[in-house]
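Peer 1: In order, the protein sequence lines correspond to chains A and B.
Number 283 in the working numbering belongs to position 283 of the first sequence; there are no gaps in the numbering.
Number 829 in the working numbering belongs to position 334 of the second sequence; there are no gaps in the numbering.
Don't read these hints as lab results, they were simulated from the structure.
Idealized CB from N, CA, C, for every residue including glycine.
Incorrect hints may have been included.
For the chain A half of the interface with chain B, some residues (derived, Cβ under 10 angstroms), not all of them [to be verified]:
1. His-19
2. Gln-23
3. Pro-47
4. Asp-49
5. Pro-62
6. Pro-63
7. Lys-70
8. Gln-196
9. Gln-290
10. Ser-300
11. Glu-304
12. Glu-331
13. Arg-332
14. Gly-381
15. Met-382
16. Gly-483
Derived Cβ-Cβ restraints for the label pairs, each shown as a range [claimed, not checked]:
17. Ser-735/B / Arg-18/A: 24 to 30 angstroms
18. Asn-264/A / Glu-838/B: 37 to 43 angstroms
19. Gly-131/A / Gln-983/B: 38 to 44 angstroms
Straight line, CA to CA, 20 angstroms or less: simulated DMTMM-like cross-link-like pairs of lysine to aspartate or glutamate [as the list claims (entries may be wrong)]:
20. Lys-375/A / Glu-989/B
21. Lys-719/B / Asp-737/B
22. Lys-375/A / Glu-993/B
23. Lys-328/A / Asp-528/B
24. Lys-430/A / Asp-923/B
25. Lys-68/A / Glu-989/B
26. Lys-68/A / Glu-830/B
27. Lys-146/A / Glu-894/B
28. Lys-375/A / Asp-974/B
29. Lys-68/A / Glu-894/B
30. Lys-328/A / Glu-993/B
31. Lys-146/A / Glu-993/B
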Amino acid sequence: MNLFEEVPYRKLQQTTRRHFLAQCGTGLGALWTGSMLGSSAQAAGIPYDLHHDPSNPLSALPPQFTAKAKNIIFLHMVGGPSQLEMFDYRPELKKVDGKPCPPSMLEGQNFAFIQGTPMMMGPQADFQQYGQSGAWVSEHLPHFSKIVDDVCFIKSMKTDQFNHGPAQLVVHTGGARLGGASAGAWVTYGLGSENQNLPGYMVLLSGGRLPRAGKNLWGSGYLPSVYQGVLCRSAGDPILNVKNPALVPSDLRRAALDTLNQLNEEEYTQSQDPEITTRIAQYEMAYRMQTSVPEAMDISDEPESIHQLYGTQPGKVSFANNCLLARKLVERGVRYVQLFDWGWDMHGTNEGESLTTGLQRKCRQIDRPMTALIKDLKQRGMLEDTLVIWGSEFGRTPMKENRGGQDTKFLGRDHNPGSCTFWMAGAGVKPGIVHGETDPMGYQVTENPVWMRDFHATMLHLLGMNHNRLSFPYQGLNQKLTGVKSASVVKDILS
Amino acid sequence: MYFERKQPLSQLWQVPLACSPLVLLAFYPEVGDWTTFFGRFHPVVLHLPIGILLLTTLMEVLQVLSGGQWKFSTRLPLFLGAISAVAAMVLGILLMSGEKMEGALIESHFNWGIATAVGAVLALTLRCLPQYNITAALPACYRGTLILTCGILTWASHQGASITHGETYLTDHIPWKSDAPSAEEVELASGLSLETGEKDIYQHVVVPIFQSKCYDCHMTTKFKGELVMDTYEGLIKGGSTDAAIIPNDVEYSYAMERIHLPLDDEEHMPPANEPQMSAEEIQLIEWWINHGAPPEGKVASFHPDTSVTTAIESVSQTLLLEMETAPTAEIEYKEPTVEEIAESRAPLANAMLTLQDQYTGLVRYRHAMSNQIIVSSYNHQWTDQEILDLQPIVAKVTELILPRSQLTAASTEVINQMITLEVLDLRDTTTDDRFVQALNLPSLQRLNLFQTQVTPAAIDALASMSSLRSLTLSYTEFDQASIAQLQQRLPDCEIHFEAPVLQASSP
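Bound conformation, chain B alone:
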């Protein structure tokens, strides 16, 4: 049997007791080393409210769900949860002030942390009200507050963890996540893998070094000592003491001073327990400062000597290895948006529309995201006159697939304007030496002259097409000897050649 007892005494005395850690705020804003000393207990204490408040809530929820069959005494855990939440909040405030941490992420964690403590104390207050067992609404209010506090607590702890472990700590190793690195990583990696002279002195040399050694504590979303290093302005403005970087003045650049302090000095940067800057990295930063610490500009334009170029190469290599993501074509690839595609196609869009209307299915883009154009002729025999219609789009034609067309050398005038043309397929046409000799296509990679009237007289013209990688000459007047001669002059080109030979019949 369950007897409902009237609560004899108010339990409200618990509330001020739970708030007692607030006395530590006496060390705020900053009282010598004490603030930091106490502040650093924040990561120790904060786990108590997380565990205790979640447990308390679980007990309450189970109690309600079981219809009162399971009973838990939540009085003590609730009190401990509230007092530890207040303690964690106070210590957090001290830590922030002692370590001079700032930034959007810090601020947000600050607010949510306070909300957690307030929520916990509010829940405790509701629970301790003398009317708790009399008024029906109070338990519901209390439990609601508790659950809400757990939500706030979860978010606050997540943000806290983001500050210490980084914002992608939890999601870095999701098994189903694609291996593709983030856009920032790709950008960083592609910058690092540029040719030394092509690199931007700030973006590709200085930023990667700061990023690997300094950003953890000095970035816009979370920074210590009022110093933000992930923007150029932040470096020049500096932190609470002085400008971090003073162009042309290594000696008075405060960041360099801190870096050059002995490792056992308290003020040394990066902190002794963190990865240190290598001599080469320091050399490069100083080289940059000595050249006026410019926010941009090609490395080559600053005439680096060999020691600098080797330093750049080795630092880039080391940083790339650290990232473990050497950029490949696939990583650099980013699918363009519909707008970007439309924009890249815009200059020739109207001409394309007209042509696609006139030659349905014969003129089209190379692929859905490309602005390059393919012209084909599988069920249409292009004439010299019609090829003139391609005039407006010559700049973008990359493939001309024209088997069985009726073109003559006259059409080369238009074709030669297709300076990006990579594939020219003229099989089964009357293409002759004059046609081939008139061709002048700097990008041509594939030329198909199967069953045409081309003869070995065109060998010089063909040999001059140094960009060719594939050439088809079967069923022409060429013979093995002339092919061998051509192959010698076009060593990088695969030549397809078979003469029509009748063999003695075999089974």
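Bound conformation, chain A alone:
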């Protein structure tokens, strides 16, 4: 019996006859309520009964119902890219450019930096409609604008956090506080991974810095630690400390591991701590990864046509390299690949964070690679199994930022949890549609709001799992990725 089964069992043992009788007074009412609400409580979810192989906790499990998607590639633009300069074209906003923001838009809102009465600011980019779907895309994304018919835009994403760290946690763990399990951990917990020589959940960084909320964004939280994301570097050793030290041959490594495993197994027979089995499995995977990871993470053997498609330069750390790596990893059966690209927090405090040159530079960095990723997956017939998600922790305000009550040096916008744009492409998602609508200022969602938890529910649904039933008992609650607020699958975007 592991710890999680033991806790409720022990609790039952502590219930005496006296407890039972004392509880009868309220207990009968509770029984009645339970039977009355029973049917709807069941809708909230009988937890899935997942049977993980303790010696191989990442082995592939079947989904709970027919899955449209098998793999996820999540491109997170860290900082909150401005939807108003990229996807959410608001011509009305141009007309009020430079006018003071009406008080109705400020009442009851939290801002990270805006103070007093800021000025409205029109879109700082030209837009055009593309493709058969007629989706609006800004001039900053010339490559991407050619594939809008493969993409489903959600213009009505909403979150309830307006600072980077908590908002990032909401996107990846479903809650604004530390300690939750990340979406990738949930997915690998629910489905395992197809390739036992690679981690099931891999994380790639670009842009120069870690996201504000740090490694919690790919942590396993209360789930067994084997389901946490493995951070890979796209230059140098992909995973630190996996390679054998100099002068240690592989067979010596093997012998040392065998001895270690033996000791761990002895310890496990005594303590029955499931984390020990996890540890053994981790050591074994690390050993297998010594050969499989360098092979999977090496993009130099890709043909020149692919390098041109993505704009990759082997050996450098870049979003482009990470996109190509994401494709390679998914091709090898990695379940969940998470990319973070830092540098989208355009407050206007310096040139790099300006809506003009700064945003253009960032757009240039991602435009070709993300377009190439969709094209490449498509030409390989892999887009039918892979769901690509592009998004961030929140959007930006239609007001110009006025940090400290003064105009910033460059043009910038503040954080806006009220609306932001995500796009998805691939498995199970309708291509060439725009879901949701924002007000004429691009400030708040007016139609079909999609909360982050709805997005999680939708993603799990596409992977063949019900978000109410993929749960894990912790601290007296069946924890879920979507949390305790009710979430729903966005059916309108499902193909």
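We have chain A; now place chain B onto it with these hints.
Peer 2: Just chain B now, kept in the frame of chain A:
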């Protein structure tokens, strides 16, 4: 100051007075129209004991809870509650007998209704005993009886309401209830939406009509005139007068006789104030009777003429609209139980166990409730020899995900036996034209030949795979012209094709 007074007189005379409505039982079992006439006052009178007894109980409870600070005179309400409870009971018995109502629900309501009246009279008796203010236990007994009576009364009234409004009346619109219709509705709707010829003549044509027009008063749990219409046996057996349905004899089928009576005739069915049968519905019932009123059988096997098929279609459509629940895939879906899953997997279960042991993680079920199988190869390169091991499970393999495997045309012998195979992924393999030409897979929907040695010579073989919906041929010897040619021959298939092209470098 509160002075406890001795009760000078017994109040017990109230008890026989409260029981006086029992004289109405003189009209039981049935005395002309009088029984029904009085009986129909049951729904009027029954609300009195509900209100009065609940109020009395509330007063008593408040009195006790406030420690005697609040005092209510409960004497009169208690008496009125008891007499109205007895009256409601008696009228209910008359109604049941006059309208010939029967069934489990009626019987249960009958018993609980009597219990209510008995409880109310008992409470009144206890309250009226001369020792009431002397013996300490009596008030407690009285209040206990009263509270118990309220419980019985609640249940009895709920059952009564279930008889008139239907058993799901209260729960139909619970806001948090899932919108999913009940199992019966789903079954009914899916039956109604079957193709006309595929419908069962009784289950999908006759039953829905009776269900919408007759069941309210003639079903097993609650029926009038001794007639039960929700079972085939009940129809043939009939009610108090005659057999409702006589096979091959519309004229003497009593149900049809009542249906054909003029609307203003008292005996006409359904009752004049209820929804009436349409001409088409009557036509279909008679068509069924004329074909021997069979309890089952496909509509097609009775060779319906066009007027019958159009009638079936329009009646089904109307009934479906009435239900407002056109069946969708989601509604028809019912999660199978663990036993059902195990049963569906049983034929191949042992073979699967062996294979899952041998090829850990590579062979598994499509999803947790499915008996279909997926074989994958992300960290294993299947060989022709190993593919032979799949022989025992070929019947259920729906996806073969074999990138980078080492298969040759020799393996097609096993693969072709996978007649339910929907996805075949051979990207990054040495698959050649011979391999593709040897394939014969009737259910194949997706074929991935990315970076294989397939050439336009295989175009005929590919074009013959008419079930294909997605085909990937990038990085093969195909060119735009041959792809266009193939696309023409496979119009419903999305073909993914990009040739590796080097572009002039752009910024």
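Peer 1: Does each hint fit the structure? Answer for all of them.
Peer 2: Structure-based check of all given hints:
Of the supplied interface hints, the one on His-19/A is violated, with its beta-carbon coming no nearer than about 27 angstroms to a beta-carbon of chain B, more than 10 angstroms. A distance limit of 10 angstroms between C-beta atoms decides the matter here; for Gln-23/A the minimum to chain B is near 22 angstroms, and the interface restraint is violated. Taken as an interface hint, Pro-47/A does not check out: its beta carbon lies about 13 angstroms from the nearest beta carbon of chain B, beyond 10 angstroms. Evaluation of the Asp-49/A hint against chain B yields a held restraint, the C-beta minimum of about 9 angstroms falling below 10 angstroms.
With 10 angstroms as the threshold, the beta carbon of Pro-62/A comes within range of chain B, its nearest partner Cβ sitting at about 5 angstroms, so the hint holds. Interface restraint check for Pro-63/A: the shortest CB-CB distance to chain B comes to about 5 angstroms, inside 10 angstroms, so the restraint holds. Interface restraint check for Lys-70/A: the shortest CB-CB distance to chain B comes to about 9 angstroms, inside 10 angstroms, so the restraint holds. Interface hint status for Gln-196/A: upheld, as the beta-carbon distance to the closest one in chain B is roughly 6 angstroms, under 10 angstroms.
For Gln-290/A, the interface hint is violated, the least distance from its beta-carbon to any beta-carbon of chain B being 14 angstroms, above 10 angstroms. For Ser-300/A, the suggested interface contact is broken, since its CB lies about 17 angstroms from the closest CB of chain B, more than 10 angstroms. Interface hint at Glu-304/A: satisfied, since its Cβ lies 6 angstroms from the closest Cβ of chain B, which is below the 10 angstroms cut-off. Given the 10 angstroms rule on beta carbons, the hint for Glu-331/A holds: about 7 angstroms separates it from the nearest Cβ of chain B.
Proximity of Arg-332/A to chain B holds as hinted, the smallest CB-CB distance being about 6 angstroms (cut-off 10 angstroms). Nearest Cβ of chain B to the Cβ of Gly-381/A: about 3 angstroms, under the 10 angstroms cut. The hint holds. Checking Met-382/A against chain B: minimum C-beta separation of about 8 angstroms stays under 10 angstroms; hint holds. Using the Cβ-Cβ criterion of 10 angstroms, the hint placing Gly-483/A at the interface with chain B is not satisfied: the shortest such distance is roughly 18 angstroms.
Between Ser-735/B and Arg-18/A the Cβ separation comes to about 59 angstroms, which falls outside the hinted range of 24 to 30 angstroms. The given range of 37 to 43 angstroms is respected by Asn-264/A and Glu-838/B, whose C-beta atoms sit roughly 40 angstroms from each other. Taking 38 to 44 angstroms as the suggested C-beta distance range, the pair Gly-131/A and Gln-983/B does not conform, at roughly 24 angstroms. Taking the CA atoms of Lys-375/A and Glu-989/B, the gap is near 15 angstroms; set against the 20 angstroms cutoff, the hint holds.
For the hint pairing Lys-719/B with Asp-737/B, the CA-to-CA distance comes to about 14 angstroms; that is within 20 angstroms, so the pair holds. Pair hint Lys-375/A plus Glu-993/B holds up; C-alpha atoms about 9 angstroms apart against a cutoff of 20 angstroms. Distance restraint check for Lys-328/A and Asp-528/B: the Cα-Cα separation of roughly 87 angstroms exceeds the 20 angstroms cut-off, and the hinted pair is therefore not satisfied. For the suggested pair Lys-430/A and Asp-923/B, the alpha carbons sit about 28 angstroms apart, so the restraint of at most 20 angstroms is broken.
Taken as a hint, the Lys-68/A and Glu-989/B pair is honoured in the structure, with Cα atoms around 17 angstroms apart against an allowance of 20 angstroms. This hinted pair checks out: Lys-68/A and Glu-830/B have alpha carbons roughly 18 angstroms apart, not beyond 20 angstroms. The straight-line distance between the Cα atoms of Lys-146/A and Glu-894/B is roughly 32 angstroms, outside the 20 angstroms bound, and the hint therefore fails. For the proposed pair Lys-375/A and Asp-974/B, the alpha carbon gap of about 18 angstroms is at most 20 angstroms, so the pair holds.
A threshold of 20 angstroms between alpha carbons decides the hint, and for Lys-68/A with Glu-894/B the separation of about 13 angstroms falls inside it, so the pair holds. For the suggested pair Lys-328/A and Glu-993/B, the alpha carbons sit about 18 angstroms apart, so the restraint of at most 20 angstroms is met. Restraint check for Lys-146/A and Glu-993/B: satisfied, since their Cα atoms lie roughly 16 angstroms apart, inside the 20 angstroms limit.
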